[in-house]
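As they're listed, the protein sequences go chains A and B. So the number in the working numbering is just where the residue sits in the first sequence, counting from 1, plus 633. So the number in the working numbering is just where the residue sits in the second sequence, counting from 1, plus 633.
One or more of the hints may lead you astray.
The list makes no distinction among identical chains, and a pair is therefore deemed to hold if it is satisfied within one copy or across any two copies.
Claimed, not checked - Subject to a maximum C-alpha distance of 27 Å in a straight line, what follows is the list of computed DSS-like cross-link-like pairs (lysine-lysine):
{"id": "1", "residue 1": "Lys1018", "residue 2": "Lys749"}
{"id": "2", "residue 1": "Lys793", "residue 2": "Lys1018"}
{"id": "3", "residue 1": "Lys760", "residue 2": "Lys804"}
{"id": "4", "residue 1": "Lys1001", "residue 2": "Lys1018"}
{"id": "5", "residue 1": "Lys760", "residue 2": "Lys841"}
{"id": "6", "residue 1": "Lys749", "residue 2": "Lys841"}
{"id": "7", "residue 1": "Lys949", "residue 2": "Lys793"}
{"id": "8", "residue 1": "Lys786", "residue 2": "Lys760"}
{"id": "9", "residue 1": "Lys653", "residue 2": "Lys1055"}
{"id": "10", "residue 1": "Lys749", "residue 2": "Lys786"}
{"id": "11", "residue 1": "Lys749", "residue 2": "Lys760"}
{"id": "12", "residue 1": "Lys804", "residue 2": "Lys832"}
{"id": "13", "residue 1": "Lys1018", "residue 2": "Lys910"}
{"id": "14", "residue 1": "Lys966", "residue 2": "Lys793"}
{"id": "15", "residue 1": "Lys1055", "residue 2": "Lys1018"}
{"id": "16", "residue 1": "Lys966", "residue 2": "Lys653"}
{"id": "17", "residue 1": "Lys653", "residue 2": "Lys1001"}
Hint data in this document are derived by calculation from the structure and do not stem from the laboratory. These numbers were taken from a predicted model, which means no experiment stands behind them.
Number of protein chains: 2
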Amino acid sequence: MTQVAQLSSQEIAAAGKQVKESYDAFKAKGLKLNLTRGKPASAQLDLSAELLSLPGAADFTAEGATDTRNYGGLQGLAEARRLFATMLGAPAEQVVVANNSSLALMHDTVVYALLKGVVDGAAPWSKQGEIAFLCPVPGYDRHFTICQDYGIKMVQVPLKDDGPDMDVVEKLVANDASIKGIWCVPKYSNPTGSVYSDKVVERLAAMKTAAPDFRLYWDNAYGVHHLTDERVEIANILELCARHGHTNRPFVFSSTSKITLPGSGLAMFASSKDNVKWLLARLTPRTIGPDKVNQLRHVRFLKDEAGITKLMDRHKALIAPKFQKVLDVFAAKLAHVPNVSWTVPKGGYFISLDVPKGCAQRVVALAKEAGVELTPAGATHPYGKDPDDRTIRIAPTFPELAEVGPAAEGVALCVLLAVAEKAGA
Amino acid sequence: MTQVAQLSSQEIAAAGKQVKESYDAFKAKGLKLNLTRGKPASAQLDLSAELLSLPGAADFTAEGATDTRNYGGLQGLAEARRLFATMLGAPAEQVVVANNSSLALMHDTVVYALLKGVVDGAAPWSKQGEIAFLCPVPGYDRHFTICQDYGIKMVQVPLKDDGPDMDVVEKLVANDASIKGIWCVPKYSNPTGSVYSDKVVERLAAMKTAAPDFRLYWDNAYGVHHLTDERVEIANILELCARHGHTNRPFVFSSTSKITLPGSGLAMFASSKDNVKWLLARLTPRTIGPDKVNQLRHVRFLKDEAGITKLMDRHKALIAPKFQKVLDVFAAKLAHVPNVSWTVPKGGYFISLDVPKGCAQRVVALAKEAGVELTPAGATHPYGKDPDDRTIRIAPTFPELAEVGPAAEGVALCVLLAVAEKAGA
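Construct the complete structure from the given sequences, taking the supplied hints into account.
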């Protein structure tokens, strides 16, 4: 494609007119497509259909003669903690298995830190004046919402292909004791698919922080969510932090939300012995225990690590073609548009599409008008404000494969139209 | 039984020796009995065995074509909210159905109030200096633990047969804006079985509070947990508060923990429209939604109000004889011991046993030594301290019926021995 900037105004007008016609034709189809949320498709949920009738009327006893139906068991079933230990990179004793939603665990640990403080902390975060979290961008809107909701200042740091810009991170945390945490999605990051390199993970573990109560919020949401045969692995943050004398620094989170059923999965927390003790002490006034029947259900269904791997392969078979479809359409329609680029993730749930500065909101609005729902532009940045108005998160998993092509075509048309509009077409 | 006080010292010694021999004989049996927690027995859990294979592989769609397996639905399934609406005394729109543990909902609403404040509040509770909750005693230890954990001062008020002593309550809340709440178990109270009279409920609804952000924590845990055919009903706190212009005062909590499965039940919140909006706004940063499959499972199993009633009748058939057994043993062994009395609950999970002042801890210690676990003396009071060391909570539901008699005999023996010891036998 000829670069728009090099065209004459007449040519621009003609190109713009053509794009507008294609857009109008697309819009006239009256499609209803949705690329907003990282939601598994119905066919993916069908892979876990067994869960809907497990564990069965006669099966409710877990290890240690635990009646899963009754009260108790704050840390979660031993067999559930063991099942996820490798995925979390922690011994089962240092794992807590909770109800659905790792977001809830992240939220609650922030709340506990605010009201009660963390291990190594001299005072609750809420008694230390203004505090801040580092937010690698683009990032996950729900992380940012927690900070915004509780008045935690967000300091943006650039997210690169191999993780946050560590020169920036190290400098900030070394000098500012009000910085209490950083949001990390270390593998197949939301939305860029970035994978933290071993070097970055080690620097996060080793770096000096002015705050003794600094915490890595290590949201390993996509630890086993591969899209290729490469099965990327990352360094073990718990081990590295311990090696560098910062044993209590990482809070590791994960869940089965995109392994089994998003609404009815299990969330997990893994950390140092002291941090686990801390979390259990915080959970004690809150609940007598998690839903252990659902934990048993998951243990019976997933069985072991091999069971998880097998299931994730089946997910991959369903969703990798959807990612490929989006990438193919973008390559065909957008490859030569200046300042348009996108990520090619090896796992996770998202493609991050960068459009020319100042165009993202317009693309999302045009798409909506044409029946393609996209995540609001800006959602990838703190306060919902992308200063460059450039990044759009594409979530191709939820629609049927047959719909992904048209949806991606629609998005590409909207990008072209927004670019044309900007060029004054 | 002759009153101990009227006996000669020789007679006291002889009686004490006899009691000690009986106690030793009991202890020698080496029984292991447990009357500590309000836990349903295994046979009660069997009543909900169907839940363990519901909803079934093909059934995951709720009203409005909701795929319960996937994300979303913060307020809970419409049919689940409707199912519990009557039990909660609120329209379904004003009900939130959450994951297991109403305790977690109570805890979280306290936390949200501390960090963010409530509707009608000028500031978060944590920004208002020292705050306090009224604690009717004897009461539920886990309520008190929440206050203690977050540094909320606890002000004891006497719990009478018809509810808290309202003369005391009204006076306190009218004059002290630091009093932000009161813990209420309005029906079949833990541990006394007290039922709040219509008059008390109305006074709680109507009373003037110095704090505009005062909240009734209305833990209606035993709303349908009858032990007799009387099926006691209480006044509707939501309606009464609205009538008296205090629409946002009550937070109503309940759960299916002692209806279906304690570990895997549903918790509910009901309140004013504004309070429900407030809670949903607070939940938004925390989670994308509750476990809707478990909600569907409960809807399929319980079906409707009649289904709940039928199930509760089956619970009653299993546990009412256990309560009767304890009452029979106490009547036979303790009826004439001065300053010993106990409650005869019409529902709920507990009998409250009052022993002579200064004897409760000793009774619990003696029981433990003899193989009968009791809830620690003092647990019924804030900070675990019963100033009179008098009240013991008896929970007869968990042991088999055949064990309840021996356990109650053991407790009675321990009471007699503690009394004899105190009399100097």
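Checklist entry - Is it within, between, both or neither when you check Lys804 against Lys832 at 27 Å Cα-Cα? => result Within one copy only: 16 Å inside a chain, 65 Å across chains, cut-off 27 Å.
Next on the checklist: I want to check one pair: Lys760 and Lys841. Are their C-alpha atoms no more than 27 Å apart within a copy, between two copies, both, or neither?
Outcome noted: within (23 Å within a copy, 33 Å between copies)
Item to check | Within, between, both or neither: Lys760, Lys804 at alpha-carbon 27 Å | outcome: Intra 24 Å, inter 33 Å, cutoff 27 Å: intra-copy only.
Next on the checklist: For Lys749 and Lys786, with the copy left unspecified, which applies at a CA distance of at most 27 Å: within, between, both, or neither?
Outcome noted: Cα proximity of Lys749 and Lys786: in one copy and across copies (19 Å, 16 Å).
Checklist entry - For Lys1001 vs Lys1018, is the C-alpha pair at or below 27 Å within one copy, between two copies, both, or neither? => result within (19 Å within a copy, 62 Å between copies)
Checklist entry - Between the shortest in-copy and the shortest cross-copy C-alpha distance, which are at most 27 Å for Lys786 and Lys760: within, between, both, or neither? => result both (15 Å within a copy, 19 Å between copies)
Checklist entry - Under a CA distance limit of 27 Å, which applies to Lys1018 and Lys749: within one copy, between copies, both, or neither? => result Between copies, since 24 Å is at most 27 Å while 31 Å is not.
Checklist entry - Checking Lys749 and Lys841: alpha-carbon separation at most 27 Å within a copy, between copies, both or neither? => result Answer is within; shortest intra-copy Cα gap is 24 Å, inter-copy 33 Å.
Checklist entry - Is it within a copy, between copies, both, or neither that the alpha carbon of Lys1018 lies no farther than 27 Å from that of Lys910? => result Result: close only across copies, 26 Å inter versus 38 Å intra.
Next on the checklist: If the cut is 27 Å between Cα atoms, do Lys653 and Lys1001 qualify within a copy, between copies, both or neither?
Outcome noted: Within one copy only: 15 Å inside, 82 Å across.
Next on the checklist: Checking an output row: Lys793 and Lys1018, CA cutoff 27 Å. Within, between, both or neither?
Outcome noted: For Lys793 and Lys1018, the Cα distance is within 27 Å only inside one copy (19 Å; across copies 57 Å).
Checklist entry - Is it within a copy, between copies, both, or neither that the alpha carbon of Lys949 lies no farther than 27 Å from that of Lys793? => result within (25 Å within a copy, 62 Å between copies)
Every hint, counting from the list given before, is met by this structure.
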